[in-house]
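Undergrad: Chains as they are written, first to last, in this note's numbering: chain W, 14 to 323; chain R, 4 to 299.
Because the hints were derived from the structure by calculation, they are not lab data.
A few of these clues could be false.
[What the hints assert, rightly or not] Here chain W is said to cover these stretches of chain R; the calculated rule only asks that three of the stretch's residues, wherever they fall, bring their Cβ under 8 Å from a Cβ of chain W:
1. 36 to 43
2. 51 to 59
3. 78 to 92
Just so it is clear, CB atoms sit at the ideal spot from N, CA and C, and this is done for glycine as well.
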Amino acid sequence: MQLPARRLLEAPRRRRNLSRSARGNLLGLLFLAPAIVLIGIFTITPFAQAILLSFQSWDGVSPDTPWVGLRNYEFIASDTTFWASMRNVLIFGAVGFVIGNGVAIAMALAVNSITRGRVFFRTVFYLPGVLSVVVVGLLFSFILAPGSGVLNRTLEAVGLGVLQQNWLGDPAVALPAVAAVFIWFHWGFGFLLFLAGLQDIPKELYEAAELDGAGPWGRFRYVTWPQLAPVTSIVSLLTLLAALQIFGTVQVLTNGGPGYHTMVPTLAIYNEAFVNWRYGSAAAMSVVFGGALVLLSVIQLAITGRRSRA
Amino acid sequence: MTTEEMSTTASSISPDSPAPRRRWRVSPEKVGIYGLLIVAALTALYPLLWMISGSLQTLTELLSNDSFVPADPQWGNYVTAWVQGELGVYLINSLFYTLCAVLGIMLVSSLAGYALARLEFIGKSIFTFVILAVMIIPAPAMFLAQYKLLISLGLTNSRLGYILVLITAGIPMATLIMRSFFVSQPRDLEEAAALDGAGPVRVFWSVILPLARPGLAAVAVIQGLGAWNEYLMALVIFDDDALMPIQRGLTAFTSAETPQQQILLAATTISIVPVVIFYLLAQRHIVKGIGAGAIK
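Required output: the full structure, derived from the provided sequences and hints.
TA: Here it is, written out as structure tokens:
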């Protein structure tokens, strides 16, 4: 029921809106273009290509990559190194997840409860986190060396000589030793996020809990823990993903040895391609392992999403 | 700031500190907490202090493990490491790659973040989803095919290839940080500038970017650390020593020359000096950047 006059008035305005939205489209796409082009070329294309490559055979040099169907997958299905690496990384992920996060949250609570020296401890605790995997690997390969390593020598000096180990050479202790190095390297990251999360909890909640007669444990259980839940879930996921993708530290420390006792999937993929020149089966490994990681992230995000909506 | 804090910590734990008596009422609980924190701090610092100590010793002294403080500091180890390890070349390469990567990421992701936060266009939600989704594609799933792609583009063993890979790796998280930053900013200034007749590119360059400095700082520090410490792609891409960044150069040095342990410790110490200084100076931004990157 519009009057013709009004419609006449509106027509040109609508046309102007249209052209403005066309310009907006152009501008938006233009601003976004560099990001999308780079991600398209260097992330999405290789992701798709990795899947394609897992059905092909390639020696890393020749231009032709013949189609071999499921042969690569059959090959890796019986590849003991790869499956040993998957098992190791699961242990590794579990240890990093439980102990790494445990240390991180405990230290965040401790730093949050003190008044003096906060900045000092925060600075020191994250310091290992700014080092590179190569530096950490090199450093600990000296510290954990069997004969002259400073750890064994120190144990002997303080009368704990019985605890000496061939830390990186003994199949029984190599994996825990590498896991300990990872935790030393990585716990500061979770610590920083937990500390930031703790500082965001409103003081009133603690005051209210105290009025209700909650002790230290009650305050932790009913205020800190639930308030920290979003941080906990993201830190857990990121720590787990970092542990599962460990590569450089292990390569420099043990190169997967002794035997395959500290082999991890990323290193297995790297070796399969760049040492054994079997890029096809390396691609199949990366599809299996990468797919598992993607699945893990999706599940975690879905759970978090549902929890925050509930 | 840090040294100041350090000295206050030191005085609060030393028994003969001249702190007022009233303040020295410590509960056993506090003593326990500080004890725990000091143990953790020593655990974090000890390997690094040992590295510096070892880098100043002779090989005999180092292997005998007698002294933590070197009897006669061997500053010459640093010269040997610098010359033998060609650390100058590697450090300059790393600096160049990091700088290019950070500038590239800042430019690309502030454009993209602004578009996602403020502009209306077709497919916006799809693009947002894509940028979020690529964040969960892990490096182990891609690095092989990335290598293959770089071969076909003629970008292996190339500075440009490495920089493009670094930039791409940083874009998703940086874009999300910038987007959430722009969402939280008021629109008044850009609207005023637009009314004054400035075009959109001009508005972006001279109004929006300068205002976005805190967001850009967070992006810069976190991506700078990431680029400086990157190892996997450097390993895959470079064969030529003259092009390698420091992380790759250090492993090349270890495996090719088999230098003595104290020289390698000196080389390792040199390699972390830039990043540790950067960390101590930009700490606050780093803490904020890591928070923004992970939580947002």
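Undergrad: Please flag the earlier hints that this structure goes against, numbers listed from lowest up.
TA: 3
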